[in-house]
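Each protein sequence line maps, in turn, to chains A and B. Numbers in this note's numbering are just positions in the first sequence, counted from 1, shifted up by 1437. Numbers in this note's numbering are just positions in the second sequence, counted from 1, shifted up by 12.
Heads up, some of the hints might be wrong.
[As the list claims (entries may be wrong)] Straight-line C-alpha distance at most 30 angstroms; calculated DSSO-like pairs for lysine-lysine: (1) A:K1859 - B:K621; (2) A:K1811 - B:K865; (3) B:K734 - A:K1839; (4) A:K1843 - B:K734; (5) B:K261 - B:K95; (6) B:K710 - A:K1811; (7) B:K578 - A:K1839; (8) B:K939 - A:K1836; (9) A:K1879 - B:K968; (10) B:K865 - A:K1879; (11) B:K608 - A:K1811; (12) B:K452 - B:K520; (13) B:K215 - A:K1712; (14) B:K865 - A:K1712; (15) A:K1836 - B:K734; (16) A:K1712 - B:K968; (17) A:K1733 - B:K608; (18) A:K1733 - B:K734; (19) B:K710 - A:K1859; (20) A:K1811 - B:K578; (21) A:K1811 - B:K734; (22) A:K1811 - B:K621; (23) B:K821 - A:K1712.
[Claimed, not checked] To give an idea of the interface, some chain A residues facing chain B are shown, with a C-beta separation under 10 angstroms as derived from the structure: (24) R1448; (25) D1555; (26) S1557; (27) A1695.
Keep in mind that the hints were calculated from the coordinates and are not lab data. For every residue, glycine included, the Cβ atom is placed at its ideal position computed from N, Cα and C.
Each chain is listed here by its residues.
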Amino acid sequence: MNFSLFKGKSRRTVIFTLITLFSIVFLLIGNFLLTYFSPIKSIYFDMTSENLYTLSDAMKEETSFVDGLPSGPEDNKIKIIFCAKPDVLTASTVTRITYFMALKLQQRYSNISVVCEDVSLNPTAFAQFKSNSLTEIKADDIIVSYGDRYRISTASRFWMFDEGEYFSYNGEYHMVAMLKSVTAVEKPKAYFLTGHRETVYDPANPESAASLSMQSFADLLYERGLDIALLDLSNPLTPEVPADCVLLIINNPIDDFATNPDNYDNFEYFSDLDKIDKYLLNKQGAVMVAKDYRVKLPVFEEFLYEWGIEFSSSLLKDEGASLDDELDSHTQIIAEYNSNEDNYSYEIYGEFASMSSAPRMIFKDAGYVRCTYKESYATSEQGTMNTSRSYADFLYTSKTAKPYAKNSITGEYQDLAGYAGKYDLAALVVRNNLHDTDNVNKMSYLFCANTKEFFLNDLIGNSYYANYDVVSSLVENISRLDVYGSNQLGGESLNSPTYGGKQIHASELSEEIVKIYSPDAKEVIETNRAITSGIKTFITVVVFVIPVAVAVLGIVIRIRRKFL
Amino acid sequence: MKKIEKKKIITKGRLAIALAVAFVLTLAAALVLYFTVFSQEDEPEQKEPPVALEGEAVVNGSLMAYPLMAESKIQNITIESDKGKFAMTRPDDKGDFVFSYIDGNGKIKEFKPNICDVDDDFSYSDLYSIEMGDGFGAVTKLKYLCMALMYPYVEERIDLIPEEEAQQLDAYGLAEGEYETIVFHFLDENGQQMSHKIQIGDKTTLETGYYIRVDNRNCVYASYQNQLDYALAGFFSLVKPIVISPGIKEDTVISAYLTTNYYQWLNAMHKNPGDITTNDSRVIVFADTIVPIDKKQSEPDEDGYMRGESDIEFDLSQYKDKQEYQRLLNALTGKAVGDYSENKIVFTLEGAGAAIEFGLLERLEYAYSVTEIESILTDSGEISAIGTAVASNNLVKLAYRLKIGGVDASQNILHALVDLSDPALPESFVSAVRASSVGKLSAPISLTVNYTKENARKQSVKYVITELVGVFDEKGAEIAKVTDNCEIVYRFRYMLDGVLSEKDELVKIACSDKGDFATGIRNALKGKSPSREELNVVAYEYVEYCEYFKDFITYEVSEIKYFVTKSLVSAFRFQNKSDRDPFYGESIYENTMTNKYSMYGLNNNVCQKIVNILTGISEDANSVPTGLVGTEVVAVGLTPAVMERYKLYAYTIYFELPRGIYTIENPDPNTIDDYAWYEILGFTLHISEELEDENGVKFRYVASDLYDTVVKIGAESFVFLKYDFVNFFARREMMLTDVEHMQAATFELCFEDLKGIYQMNLIHEDVYWGSDGKRYEYEEDVPDGVGVESTFDEITVVVTPSGECTPNKLTEYVSQNTSTGFVSLTQLYNKLNADGNYQIFAAYDPLGTSNFKKLLENIYLTGYSGVISPSEQEEIRKNNEMLFRMSYKIESSAHRYVYEFYRYAEGRVMVRLYQADYDATTNTYSKIAGDVSDFYISNFAFRKIVSNFSDLLNVKMIDKEVGYPE
């Protein structure tokens, strides 16, 4: 090989030239490798005074349960999924710190893997995380999944705000809650309650008439990652609702929940309804009820009344918003969505409510429900100010609906009952327990529809209607198991020494504005932090000024050597 | 075949001609338009000044039907329209017009409602209706009417042609019987009273006014005064539709949500023949009222009686406990609705004896000459059958003639009631009367009495000052005590023969008032300070001297038309902070129900909203009360006929409006100031059911006794009338007591698997927490330089278990560690959580007390879920076992409040509440007041209370969020 470049050059010049070339190549390769491996192997130096990029000891302890999870193929791992590429994630402090925390967790636990997938480029990769066909996954969403269970949270939820400004990072607490939530129950189940001649889907007998009539709903539950089982609470061997129950379905009970009054003076005795109550209160349970308006169940209805929902015994007809049928019955009612963005219902199906021509949600042969709280749609729970129960009108009729009461002589439903107006077709009562030390909300849900048709194939299985999507969203939202991280991680408690996570010290959190507080949080002061203006200047000098200076010096030397 | 099109050719010449023609036509059109339309406007309008004929005037170039006058010169206005006849009169140029109207009996009646007399701040002009549609909202309709009369501008005079007059008048709506009339009197420039009569016909063509005729002149005027509408709208439109008075300026300083008393009744009307009256009903009768004429009446009278037939209402509940009305009660109680014209119900009410005016005389001779025994009054009725012997009956109605000092007192026959049991009457007179019979005297009966101050019947009257409201110096500044020349504001009542009158009256004596009366009052109160405590100081007393013969009033009832019964729905009053009952310590409204519901606390929000509505304050707002005003007056005069027509017997409300409210400042800045007031106005409102007008708008009729009006008010104002006490007024929290008032409590578990009686005594002790975070038992122990951060009521809860107790940590500890059989929760929690080595505090409370407080807080925050029907309550008490009982003793009360819990359904537990004396040795309760069980709580709430209590016994940290322990 004839290197004309070195022709006539001294040996020393050749050697230095080669060294220079190799150095450049080495730097380029090194830079490339560092860029490639640093996110994967988390090769970073945490220069923040709050140790934002470092897992705290409490975090390590709280997440240690991950090691105990059954290991298996890649599919069985806990996935922390970011919906954008790493360069986007690292560009924003809001996502960057959580992203690096996830990488640290991945590095620490073989059972955790971090996935970055740009949702805008590959939306189908997120199909399994959509509770309905309109669910939107956004680029700043963070998904934690394990098997069929998943939780989605937006990146800003990993932060605490004070007057609209980022105040502290409690991402560790939030991440632990998500990890625990998806792994709390190994195989979460939806139970169909039995014992009161309910219509149930029996997985052991899927060919039974009842099972066949609910096949679509069963498919929906499976799709939402839930196993299906039956539950007879009157069985003495079932002292309570099983721990793996994330959804209890009471569909079309015919017999009441009455128990022997002889047990009333036995404090330790728990009736079926006591067990359901306990499940709702202590386990942050979720119960879905579909009851036939024709069937009077005083004891069960009394229980639901206490929770905030009263069932009518009238049939609703809506001449203004119903499907045509041969009998012109007006009983196939087109429900209206609740478009109030503050309502729990909107939280669940807001995608539908906000559409200009939303798909139709149909109720068939239904009565109405209404709130039993006296003066408002929310009430404090007995004996406490920390827990409230809120009634959300989940779906309702148009203003033209009218209740038809049963004529006790003819048995027909006649226009005897009352005024035309909006009537609630289904309602969701949300119990919100604001824990007084953690300051976190623990939710329980009771959903009720006054029709026995609610879960049947005719509605859920009809792809022309929105029933499948709406019920799917409902199931997905209420069957989540809320598990919370330790206060050691900060939580959101004011009693926490860190006031909910890692309190931000510096005023500049890259592009975000963050206040700096004195230790007693009473005055704003300036402190050092990782990427301050000084650091930026220093980096600029190192990265830009020095190479330029060297280059200029080289050029000067070269010119001088050549011409002088 | 190919179609050949004809070429259109426009030559230059043709084009020029067309353009020229178009130009000419346009120019012509413009000229025509100019001359026909625009040019006319430029012509100056030649307007003839109007010429005033006799009686007319021209003002500002405009014709007036009569000369302009000042409003102050108008003395009287009478209006006669198809809406009735009414008038407005005023005594002088400064006074307000006073309305008169034709009442239901066709008589002219002055409209002077009671509010004129009872409210010191009332001005008659407050009754005038305000025009709200003029954009000002401040000018009265009467003012606009006066302006129409003061400025009688007319647009045109139309002379009447004699031969066509009838047709002309008919065309203008002024034919006989078609017009409305206004007659008003005024004073002219010379002070002479003059009058004008205005006949009002149809509206003018453009509806800018009316065709009118003035003083029967031979012309018709086209008036452009639409303000004559105010005359035609009728009397009611000029009266303000107010039923409760507005506040006064002093009330602006506070949130006016006070009422000294509020009562609400639900009424039932009974009008079916055969319905039987009760002794607490309002009975509406058609009766003849017979009253003896006054002996001073100079006009001769045929029989000496005044009579009048009308519908009369007797509210029997008012008379129930009054002996003097017993005959009225007997006559009207237990009677069937129906016609009594054939056998009238007659009863007589006794009046006072006529006062004897001695003047300077020491004695006065009264010579009575009885002419007839008219009837005998017995408890069961009045006997007027001729020949009925008086015999042993005491009350006799007789006719007589009278001479005073030898001179005929009256030329007419007089009538009186004589009580023969009166020892002052001479025996001879009594014997003579007893020997007589109705319609027949045994012999001429006469009685001569030389009345002296000794032998005359005496009636003692005391002036009792019940409250000293305020004392002020000459500059109006408040001073501490009554002095010789201060201003005093006080309340008083008369005491007549030992009986206090029913209502307080408020009086002010000014500093400048140095008369005997004022001086006497000051002397009686000298040195006293304003206080809300009842004073009952007798400021002075006097004796009235009366005849032995008494006045009376007799009713002859020919029909009981209907009667109305009432049931009390709610009763409450605002109570100052210092007045509040410790058991309902938080409740700003005191329940004043007299039935079993008096045991329940009241829903403050409900009470406050009602008070706000009645005083005219928008809901939840704090502002000056504007009074309760409706949309229109529909009637005046609350006669039974009006009450029935407007269905006003449905509901009744009595509402006391305190006025002149001021604060009584409390020196402790942490304590709420109390309120006092100078005046109380008591309004009784009669309210109809909800009605609907032709537009579907719902409303109610509301009548006010003080305003004497019936007004229409939007139904939404009175939504609360739909509800009963337990479903609406009763407070839903089970307990309101603050632990700082609690002295003892007992909890009793009666389950099959959870038993025991636990008596708790609460020992309260003030301790001091220093700023160094340490607890000091005595204030002097707090080191210098360490301030007292909090003085704290530290409670030690001493528990004594008894009876068969299900084992728990407490019973275990008591049995092992004490010989006394009791232990404090503080000791127990310290022992079991720190082995007794150190004190554990939760905030300032010892841990045991803190958990006890949590238990109470749970109970405090437990609300009633629903209402149980009376029959169900009975059934539950009979058939269900009590599962849990708790009782509390509150400071200042000798008794205990007892709560008993009965589970009667899957999710419901009945709560029974009563007051009782408690015997701790036997654990027995002797019920002394109340016994209510209208509410239930949820089984969940009940379980939580019991669980929390069980946790306390097991020295656990109570979690109020958990109803079902794991």
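Open item on the list: Output the indices of the hints that this structure fails to meet, ascending.
Closed with: Checked against the structure, the hints that fail are numbers 5, 7, 8, 12, 13, 17, 24, 25 and 26, while the rest are satisfied.
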